[in-house]
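Novice: Here are the chains, one letter per residue:
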Amino acid sequence: MSQPLGSFPGGLKLAGQKKRSTQTPIRKMPLSEQLILPLQQHIGAAAVPIVKVGDKVLKGQRIATPNGHVSVALHAPSSGVVTAIEDKPIPHPSGLSAPCIIIDTDGEDQWIERKVTEDFTQCTDHDVRQIIRDAGIVGLGGAGFPSFIKLNPGIHHHVDTLILNGAECEPYITCDDMLLRERSQGILDGIEIMQHALRVNNCVIAIEDNKPEAISAMELALASRSHLTSTSVMVIPTRYPTGSEKQLIQVVTGKQVPKSGLPIDIGIVLHNVGTAYAVGRAIKHGEPLISRIVTVTGTDVKHAGNFETLFGTPIHELLSFCETKRQQGEPFIQGGPMMGYNLAGDNLPVTKTANCILVGVDNATQANDPLPCIRCGDCAAACPVSLLPQQLYWHSRAKDLEKTQEYNLFDCIECGCCSYVCPSEIPLVQYFRFAKTETMNQEQERKKSDAARIRHENRQERQERERVEKAEKQRKRKAALAATKAAKAKKDAELAAAEAAKDSSEPATDNDAEK
Amino acid sequence: MFRLSPPFLSGTRRVTLHMMQLLLALVPALIALVFFFGPGVLINISLAVVTALATEAVMLKLRNRPLKPFLTDGSAIVTAVLLAMAIPPLSPWWITVVGIVFAIVFAKHLFGGLGYNPFNPAMVAYVLLLLSFPLEMTTWLPAAGLAEQALTFGSAFELIFNGQLANGAAIDTLSGATPLDAMKTQIGLAQLPSFIIEQPLFGIFGGLGWEWINIWFAIGGLYLMYQRVISWHIPVAMLTGLLTISSITYLISPESAASPLFHLLSGGTMIGAFFIATDPVTATTTIKGRLIFGAGVGLLTYIIRAWGGYPDGIAFAILLMNMLVPLIDYYTQPKVYGSLKS
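Chains A and V, in that order, are what the protein sequence lines are.
Mapping of the first sequence onto numbering that gives the first Met the number 0: position 27 corresponds to residue 26, and the numbering continues sequentially without gaps.
Mapping of the second sequence onto numbering that gives the first Met the number 0: position 342 corresponds to residue 341, and the numbering continues sequentially without gaps.
Bound-form chain V, shown alone (with noise of 0.2 Å):
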């Protein structure tokens, strides 16, 4: 069809293509889960997809929509991606089902589809999972190393869809705390930090396996930056924000606060940070206003994680910065030509 408005070009950058490049970032860190946490990931995500596919079509349907522009976003396919991602790797199929579900027709479609929901999709999802089934959601297994790990895609089949191993073994005998969880609670019983990030579960920054896959979705995020798919305000200040709070209550009580750096990379600092942050549509689009809204995730994720009642904030400071987003874009305009006195 040739265009009959001004302007007659056009730029090559689609949202199809940006939701395509963000897949495609997510994937190293995707290895690195694969490699400490077994294959059960992939079956999460090829579930979720599945799912979240299957409900956008009906709803489309529902909405009269038509089906193959929204189909082909890519803008379903992140949000299973990423909730799957975010859910512990052998959580049980109707996790991912119940979640995927919530996520796709209440986060996004009763607000009116892409583009018009105020809170992130796979965000709304993972705290109503979180909320609803506490104890699915914080059974992860230890990481584990590929080599050193019996984990096959077959019994991560039968875990994820069964419960059980074949021979029986249930999935709590497998898993453990994480090391955000562990933290928490033995600070809580006045355990020196720098004592606990000896345990096995600690790696050489923050929580073992859980540092690498925080580096991996860091990586993925730069690429992002350098393809500007997402611009460096958000993430920067998110981290700066968590590094500043954490720094400064690591100063002031060491022997009651883990390490900056523990906090950058473990849980999910970096996929927060870099992908889920960074959602245009429910995070802030002026400049000033990404600077406020990523520091005030990562204040949240702290106060959250330090003083809250979750292991992790990320999701809940995500969502609360999520409604600010109005009222931070109102008044953060930028200066309009003109009214600058020079």
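Chain A extracted, bound-state conformation (with noise of 0.2 Å):
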């Protein structure tokens, strides 16, 4: 077991209301009749179709393929007809809809051919992460960015150590502790391919100290396999946001990612725990990212705990399978209740991101309206970037945007610690937000202004230089014909010359004028 080098600012200790959904072990949801698939269920471009209305899919087929490099694969959750490919509600707190897949199942549940790779380290890194890229696997922490990209470190980086991130810090979420307990080896195949994959020896998992379970079944299993020398578990102290991808690598290195840079920069990889397992099954078993393990827990969840669903299985079933006191339209929260967002819908399908669905919350406070800030600093306090969320919150409502950048608004995580300690309850992450958004439409907009602004230019410049020319070839017309004219006048006059030189004895005049 290694020690943590470091810690960050700020932070808070939150009850942890892990218990309720650790009762049980992992369980399978069961096969829902409808899968409804939404083509982007990661960061990045929207996977496209390649299937149509129709066709006759199995489980773990490829239903749509990667469009451009940040997009990955999707695959048929399971057995069925693929009835329809149109617009549907998605689990997005905008509420809004997009393309899905749908799929109807058979009941059959019956796999595709899958390619197991026996020795991975006869493969290339390159193969590696394409197999990783096809299987669609993203990251499954909560954020959904494509895996295989954070698994190329690139020619001009070299990886130091990779992490593992089970700190799972949210209070509530319980889907990587009980993985961990219950897949550790799981883990630890996904952990080898990454390694080979990153050629890195080093390797921590780092576990919050609220989850014996989990570090002693880790550690366990990281001593069946001795070949692994340089992994090792490490205990992180319990404090909400170490999850954070920054805040973990602070806690674990003792260093900082530079200011607008990657992890990689200082040498770092980090994935979640859930992602290396994925990894695993896809190249050790052939299974692409079909499922995944959601945390359904909450005041009001009478079955509180973990299920491994798939993909598209709509969120009602979940919730009715764990019979919750939810009626039909209520909200309820996806994700954790600090980061986590409220959702309405009742036909929302489990994605790739959704670690937990929240029914209730312990000693849930009433929301009052928000007083003044009084500039306590509390907010500063607690915050795990050192921002003055005061400061920003002063800025960002005065839609003062190039403050709000100075004080370094694009910094904030919106891990919601400020808007937790606020004596004044105001919402400062929603202000952040939507400080952010605003600051990048204008960035758009000054974009577009700025392209509309050089074409004008350029138009302008077109048509001057036209003008000029035209009035050149006008002046150049004009002299022509000036010249013509004058010519013309000349040969009259030449001619009118000749005429009376017939009746003269003086022709030699015109010779003259010739010259």
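It is worth saying that the hints were derived from the structure and are not from the lab.
On a predicted model such as this, the values are computed, not experimentally measured, just so you know.
A hint or two may mislead.
Stated by the list, open to error - Here are the simulated distance ranges between beta carbons: (1) A:Gln-441 - V:Val-57: 37 to 43 Å; (2) V:Lys-334 - A:Glu-460: 24 to 30 Å; (3) A:Leu-4 - V:Trp-231: 24 to 30 Å.
To be verified - Here's a subset of chain V near chain A, in silico, CB distances under 8 Å, partners left out: (4) Arg-2; (5) Leu-8; (6) Ser-9; (7) Val-14; (8) His-17; (9) Arg-64; (10) Pro-68; (11) Phe-110; (12) Gly-112; (13) Gly-114; (14) Pro-117; (15) Asp-180; (16) Ala-181; (17) Gln-332; (18) Ser-338.
Ideal placement from N, C-alpha and C gives every residue a C-beta, glycine not left out.
Got two chains here, separate frames each, mind docking them using the hints?
Specialist: Listed below in structure tokens is the structure:
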């Protein structure tokens, strides 16, 4: 076991509320009759369907292919028939709809032929990444960033340490905890593959000290693989938001990721333990990512627990399976109570990023109308990034976006610590999100207007050039005309002179004029 | 109402709770004030609180703001109590009323109400009163133990509202200079501080009575720190600033400077350090900024006391430092994650 080397400022000690959902082992959620699969369940471009309505698909069959670099494939979670490819409501705070593939399952749950890689060490790191991309694997901690990209250090970086994030710092969520307890060998499979792809030996599996079962399970599993000499479990203090990427790096290594840089810049790659497990399944068992473990918990859930759920399974089926007190149409939270968001729809599907469904929090306090900021500075003391939320709030409220940049708005990780401690109950995170979106919109507007301005300037320049050219042409034409006129006049004069010369006896003057 | 946006959890500290804890922390010093200066301060406080709430209500109404959340946030009451405890306990009633109305209307609401005032309202009012009514504002009774004083609640009431007792005795026949005042005047007359403090007006470390009032203010302040209503930075920086400069001058010329301890335990030092300079709205918010702000208040307090025109300088020092808050805050921003080279 290794010791944490650093810590971060601020943060919160929160009641874990994790017992409720860790009393039973991970259970399999029964197969749903219909699966709704949004084409975009990851950060990046939406996948492109490669099936059409009416197609029969098998479990694990690829139904959509990556579109561009930052994108991953999508697979049928069970066998059945594609009945529609259309817009459906997706689990997103906006409540918007997005293109989905809908599969009516046939109940056979029949697998497509799985290609098992017996010895991944024979594969090149490129091949490993390709398999992972084709398996549709994204970060399962909640963000959903395509994992193969984070397994590609590129030629300019050397990876020093691979960190496995098993912190799970948000209250209520226990899917990683249960995975660590029950499938530690599977996680290690994935870790070995990741180490191979990244060409790195050092690996730290960071777990918060409120998960003793997970820690001992992982250490036991690690003891059985004596060749993993540079891999260790690190027990880190339970504090929110330790599980946030940058904060975890600070805790584990004592180093900070440079501002607007990436962990790879300091030789660190960080993956969630669930992602490692998915990588192991993809390579060693040929199974693409078609399900995940979802924690269903909360004060209104009768049978809280963790459920291995196929993607596309309607969340309301999961909720009724666990017997919640929730009435139809009532909101519930996807994600944790600090960074999750409210969803209200009833036919929303479980997606790759759905780590937790939370119905009812303990000691829920009434949300009062916010009072003015009294500048107490509690928010600044709680901020894990050392921002001054009270100043950011002041400028966000005034829509002074330039000032918010001076106060490092874009370094905010939206962890919600400031809102949590605010004695005036100001929804600070909302203000910061607003200011961020507003800034990005302005940036876009600016770019657009810049483009328009350049276009306009170019046009003016072109017109000016054309005008000058035209004037020049006209001038030339006029000159030519004048010249011809003059010549004609001369000719006329000559003719007249010649006429006259016929009569007179002095023709020599003509020759002089010609000269 | 269900929370509609994250975080869905919330801490338990609230503005109103802050204010109530602050009032609670003032109780020990209040008892000491009553013990040494009679029950007048209680009348002042009641009058101030009623005036403050009424003025606040009128201003909220005029500004079309909801009454309930802002009348119950406790900020007007805190302003009222702090001012009432800072002015002489037998000030005429109109002193209190003028001060409070000015504090709430001009120093608070004209700037935008709770959270928007750049200057501490109680101190703005205190300075206004001191400049406009110097006689009334410096008329303090000599401190006396509760046992030895004859001032009853009734006579205090008469003095505050009638300006004289039933037997015709006016307040100026009872009052005298405060220890800070006496120290300043007599040092000016080339008296040695070591002799000055032999007079009955002075106690063990500072002014008689005043030293205990200051100590009880400090104890209340420690309670606030323990409750995390205030952080240690401003009080510690301010007291350190005051202690440092007074120690230096005391070491250089003990014949013309009062002892550092006298400065720490006289006048408004402790109420200023723990209750007024720490007003979150008007103080700096960064850690470094708080240290600078506190030290500045401490230094200015001494400069005004020793070389300025007024015996005490807390109010001026705090207001002057309030002015610098935006500047200090701007230049003392903490280093954001990732900007350190590790």
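Novice: State for each hint whether it applies.
Specialist: Comparing the hints with the structure gives:
1. A:Gln-441 - V:Val-57: 37 to 43 Å: Once the Cβ atoms are compared, 41 Å apart, the range 37 to 43 Å for V:Val-57 and A:Gln-441 holds.
2. V:Lys-334 - A:Glu-460: 24 to 30 Å: With Cβ atoms ~47 Å apart, the hint is violated.
3. A:Leu-4 - V:Trp-231: 24 to 30 Å: Given a distance of about 28 Å, which is inside 24 to 30 Å, the answer is holds.
4. Arg-2: With a minimum Cβ separation of about 5 Å from chain A (threshold 8 Å), the hint on V:Arg-2 holds.
5. Leu-8: Holds - the Cβ of V:Leu-8 comes within 8 Å of chain A, reaching about 5 Å at its closest.
6. Ser-9: Result: holds, 5 Å to nearest chain A Cβ.
7. Val-14: holds (5 Å)
8. His-17: Hint holds; V:His-17 Cβ to chain A Cβ min 6 Å, cut 8 Å.
9. Arg-64: The hint is violated - V:Arg-64 has no Cβ within 8 Å of chain A, the shortest such distance being about 10 Å.
10. Pro-68: Since the shortest Cβ distance to chain A is 6 Å, the answer is holds.
11. Phe-110: violated (11 Å)
12. Gly-112: holds (7 Å)
13. Gly-114: holds (3 Å)
14. Pro-117: Not OK, violated: V:Pro-117 not within 8 Å of chain A, min 11 Å.
15. Asp-180: Check failed: Cβ of V:Asp-180 comes no nearer than 34 Å to chain A, outside 8 Å.
16. Ala-181: Violated, about 38 Å.
17. Gln-332: holds (6 Å)
18. Ser-338: holds (5 Å)
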